Amino acid sequence: MSFYLHGVHLPHRKKTSDMEPVRMSAPQKIVLPMSMHIGAPAVPCVKAGDHVDIGTLVGSQSGYVSSPIYSSVSGTVKKIDDILLSSGKPCPAVIVESDGLMTFDQNIAPPEMNGYEDLIAAVKASGVVGLGGAGFPTHVKLDVKDISKIQELIINGAECEPYITSDTRTMIDKAHEIENAISIFEKFLGVKKTIIGIEENKKKAIAKMREIAQRNPRVEVKVLPGVYPQGGEKVLVYHTTGKVIPAGKLPLDVGCIVCNCTTMAAISNFIKTGIPLVNKCVTVDGSAVKEPKNVIVPIGTPISDVFEFCGGFSEEPQKVLYGGPMMGISVPDTSLPVLKNTNALLAFGEKEAKRPQSTQCIHCGLCVSHCPVSLSPVGIAKAYKSGNAEALAKLRVDICMECGCCSYVCPAKRPLVETNKMSKTLLREYMDAQKAKEGAK
Amino acid sequence: MSKLRISVSPHIHSPITTQRIMLDVIIALIPTLIAGTVIFGLRALAVVAVCVAFSVLSEFIFNKICKKELTINDLSAVVTGLLLGLGLPANVPLWQAAVGAVFAIVVVKCLFGGIGQNFANPAITGRVFMIITFGSLANAAYPTVVDTASGATPLVTLSEGGSVEITDLILGLRGGAIGETCTIALIIGGIYLVARKVIVPHTPVTFIATVFILSFAVTLDAYTALCYTLSGGLFISAIFMATDYSTTPLTKWGKVIFGVGAGALTVLIRFWGVYPEGISFAILLMNILSPYIDKWTAKKPFGGVAK
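Going down the list, the protein sequences come from chains A and B. Residue numbers for the first sequence follow the working numbering, beginning at 1 and rising by one. Residue numbers for the second sequence follow the working numbering, beginning at 1001 and rising by one.
The set of hints was computed from the structure by calculation and includes no laboratory data. For clarity, every value in this text was computed on a predicted model and none was experimentally measured. There are no misleading hints in this set.
In silico contact screen, one side only, chain B against chain A (beta carbon under 8 Å); selected entries:
1. Ile1016
2. Ile1115
3. Thr1251
4. Gly1303
5. Gly1304
Idealized CB from N, CA, C, for every residue including glycine.
Work out the full structure, taking the sequences as your base and the hints as a guide.
Quick look at the structure:
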């Protein structure tokens, strides 16, 4: 492709990319919120006092867009209690006290795989959701009904956020799982072409994935430029296939299925062993972390335990993130657990945590020239300030993926992503009101 | 553990700040300031110093009186003062230079809401204000380093059918404003700004090219057209004024339209207007059009389809 979408050059800071993940010992307790995915929260199906093992179902799927949740330790259910998620919303959580034995549930068995329906059922039962960070239930994404619509499977190995290397490690350490998942998708979803997109700074991962391409002629490795955000779905699809996903449409509308590489590996693991998604490889890094490393963490482990496993803090952390510094979510306290879609835990000291003071917009246009989807954050901010929802609709604030490029480059340090988020809400409310008005006529 | 900070992503920011950008513009103007002082003498430095001092001071006092946050740290007032001073002849009365600076900062910049909010370039509008009010700018200063007995600026000479030396125009050994004559120093500053990614070359290149092409179309002589291009305030305006963020278009195509439009207006005024030099007016007119150019050249959102 001769033309790439815009973005920003970020410092990579991926110093953990050569660190093989270390398995963490059993935590004393785990906290499993029933909402670790997009869609309806799971419903607790255990009660206080119940014995659970690794892989025992504790929250069952409720509704189509939802995902089941399994215990990641063996032990006793202590209680089911509401906790506050990082979003500030309350959510029921199953709290399990570990017995330290880490025994597996006896009913674990690989699923029988005979056709398309079996694949969807298996992915549903595995509890796998978009592990790149989105957390969208994977079985819903794969449930395309008419598999002839699928032209390409795109595996997201871009991992474009600074610090994070957990996907890189999956590609290096679990290449066989990814390869196996590709053949499963070829067999049951009729995938004829697979493109693995990886940002150019991951030489080892690229080499590993190229080995797969050598064995399987239907697989292609596409090296992406080191410009953030290569991992954004629309950006990835465009840079791997040249296809433009129209606003408001899904990759499938242009014949693509996009799956994160760690998601692929987790699906393969479940189909081989029957062990659902209970562990997650998490990159622990940031200026306040003593010994940055990649850790295999039982899902539900409190964040504080993971930091402790990494030698604790070298300085008092002022900010702790789920995920990378560009799109990650800051957490109010470290008692929150590692979730299914947690790929990194970052802790920053005073210097990095301090938000630079924002000053007046100087109209430099950097936000416009760096936006990967060609929006005008400066125009959106103006429309938002005057409460002009119609202008916001024209400016297409709805296609903003909140990648953070605009806020990052802004010399006046304007909170542009924040404004975009609020603009989206304003636009949504306006659209709903319009619809209601039309309905009343 | 102390309370953790909560904020909306992103959690890292580029090291580039408004202050850093303005500092780069100041650095880019240093060769021109040195050249202007060498060519026109210490009086030139005094003019620029007065403009900078009164720009910063008036912004400081305006902020204080209006109980606004102090903004002089962003260095934009220094840039305005520098550009205004460099756009004046070295023999301008100092009190007039001071009045021009106060007008540029208070009326053109601060009253419209300060940095980024003004629709017209403060330095240029300040200069135009002085041309109209004092008439003193018409008596251009002449270099003190060489013995030039000439009584007219190159533009006047050219319009009267005379000829000028191209090397003098490149080195800046001609009559004119302090910062507009030394083309080489201005180009060095421009290259620095492009290299630092403070500006993109679209506007300066199209602006200068348009003036050359249209001057050639009018005079039908490449040498004379080149003399016209190197005379007056074209280079300082194209590189430093027409690239001002607040008052010029955002997109690259918008910048091209701005450059071509300003170039065309400049030639129009130079050949058919009352004033020998039309750059300030040309840019000012294009400043007014900028919001519309932005509208016409707005980028199409990726995958955006009409609703």
